[in-house]
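K.L.:
Sequences and hints are given; from them, build the entire structure.
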Amino acid sequence: MVQLENIQFGYVKSRPLFKDLSLTMEPGHIYGLLGKNGAGKTTLLKIMTGLRFPDGGTVTVLNNNAPLRKAEGLQNLYFLQEEMYVPHLKVADFVKAYAPFYPNFNHEQFAEYMHELELDQEAGYMDKLSHGQKKKVLIAFALATNTKILIMDEPTNGLDIPSKSVFRKLMASAADESRLVIISTHQVRDLHSLIDMVAILDNGHMLLNASTYEITEKLLFDVDDTKSSEGKVFYTEENPRGNYQVKENVNHIDSNLDLEMLFNAAIINKNEIANLFK
Amino acid sequence: MNIKNIKNLFKTYFIENWKTDLFQFGILAVIVFFATTISASNLHFLIFVASVFLMIYPERLFRNLHGNSSKIHYLSIPASNSEKVLTNIVLANVYYVLGLAVFCCLGLGLAHLYMTLRGYDGVNFDTFLSGTSVMLLFAILAMFFFGSIYFRRKTTLATLGVSLLIGTIFVTLYALTLWINGILLIPKDAAYNDYVWSFSSDAMSEISEVIILCLGMVFFYGLSFLRLKETEA
Chain D
120 MVQLENIQFG
130 YVKSRPLFKD
140 LSLTMEPGHI
150 YGLLGKNGAG
160 KTTLLKIMTG
170 LRFPDGGTVT
180 VLNNNAPLRK
190 AEGLQNLYFL
200 QEEMYVPHLK
210 VADFVKAYAP
220 FYPNFNHEQF
230 AEYMHELELD
240 QEAGYMDKLS
250 HGQKKKVLIA
260 FALATNTKIL
270 IMDEPTNGLD
280 IPSKSVFRKL
290 MASAADESRL
300 VIISTHQVRD
310 LHSLIDMVAI
320 LDNGHMLLNA
330 STYEITEKLL
340 FDVDDTKSSE
350 GKVFYTEENP
360 RGNYQVKENV
370 NHIDSNLDLE
380 MLFNAAIINK
390 NEIANLFK
Chain E
133 MNIKNIKNLF
143 KTYFIENWKT
153 DLFQFGILAV
163 IVFFATTISA
173 SNLHFLIFVA
183 SVFLMIYPER
193 LFRNLHGNSS
203 KIHYLSIPAS
213 NSEKVLTNIV
223 LANVYYVLGL
233 AVFCCLGLGL
243 AHLYMTLRGY
253 DGVNFDTFLS
263 GTSVMLLFAI
273 LAMFFFGSIY
283 FRRKTTLATL
293 GVSLLIGTIF
303 VTLYALTLWI
313 NGILLIPKDA
323 AYNDYVWSFS
333 SDAMSEISEV
343 IILCLGMVFF
353 YGLSFLRLKE
363 TEA
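Top line first, the protein sequences correspond to chains D and E. The numbering of the first sequence is the working numbering, which starts it at 120 and goes up by one. The numbering of the second sequence is the working numbering, which starts it at 133 and goes up by one.
Treat the hints as calculated values from the structure; they're not laboratory data.
Computed list of lysine-lysine pairs in DSS-like fashion (alpha-carbon distance at most 25 Å, straight line):
1. E:Lys203 to E:Lys286
2. E:Lys139 to D:Lys209
3. D:Lys215 to D:Lys267
4. D:Lys253 to E:Lys151
5. E:Lys151 to E:Lys203
6. D:Lys253 to E:Lys143
So the derived label-pair ranges between C-beta atoms look like this:
7. D:Asn223 to E:Lys361: 23 to 31 Å
8. E:Leu358 to D:Thr179: 19 to 27 Å
9. E:Tyr246 to D:His226: 43 to 51 Å
10. D:Tyr130 to E:Thr152: 31 to 39 Å
Note that CB positions come from ideal geometry on N, CA and C, so glycine has one too.
P.N.:
Structure (structure tokens):
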């Protein structure tokens, strides 16, 4: 569905951001795209949506060459950006103006999502709403488009605590076998229960691209060696409840994935983690 | 090209802009009304005002390209680059021109009515626009259209500045060529003004002017499409 092959890209030619980056993303998953500040997460999303052109390599999205920005491709892709733009329109007019571009847009779903997010379609002009409210309207719109690919950049930024849980609920209900959702975020705790694929971007490469099942098969998330004392420890973090550890799961013991711990372990032990998931 | 996408682009435009357009057309009608009641036969002034409105218009058509998040929004709209450019060409060359014409006529009609009621002669223009002048107006519009995509901010002023600069260079070069020709080629006893006049009038017939202006329009709209195609966010 999304295929990036040997992508090369840099804002400055002497400092490439991506060097031969390759990545394949399949439908039926919710991907969490993680990376440090400046790793290029947003740029990668823009390359996928055809908003940035790579210096080398190919970007194929829904069998279309992404940089061509063909209408057929864009009809099945919605990109919810972090810094949102909303026109000077009421919500109902916004829907009237933009919903026709998406053949699978469902007005009933939109009304339902708006209701869940405690928003009124007849509320004032969108550009006068608060940041969080704007985001909620666009999240409801994005989900109602029913596009095959939904890309979200920091979707929970600016949402209040109840809205974050509603967001998770809506995302879970909107995900299906034919849909690919890519969420780039630093707020991993907001989404850890949602995502089933983890992609970590580091230093111009994909450090990790694996399912949460595969991760917990190969890595053990333990506290004070409660579950196992075997296996190489990749990362330890002191916590009032004990020492949280990420270690090699030599005995295939079940544990709960902690995205923050995983990310830190992967960044510190790049080669070992990359080899483990080869 | 998909007609449905073009229709949707028009729909989106009108939902977002009908109030602003109506306001601008209204201002034009008021200007026309007052200008006509003050000087009943000054068509050139009215054309100048309408032209200014028309030249400013493309900046508004592509205003979404001038901000980071709005650019992403605009480029992500599910329509091809050619559909977006074509829609805006039609909006600028047909819709907005018709709107200006209708509201100009409205202003003129009201002025005529007002003057007749006050016992003056009605509006009576003794000048009219030639085909070449109309084409020139559309060619200039095409240039501003391209400028509104090419430049990132204050696009109308930037286009005006650059076109004036290029125009000045061309006129200077042309004058320089005539001056050099005058020194090197024209016999000393020939009337210089006659020579220059016959040279310029023979070289450009009205048809060739129209063709050149049409080519200019195609050139600028073609460049606009290419510029939009290569625009990144």
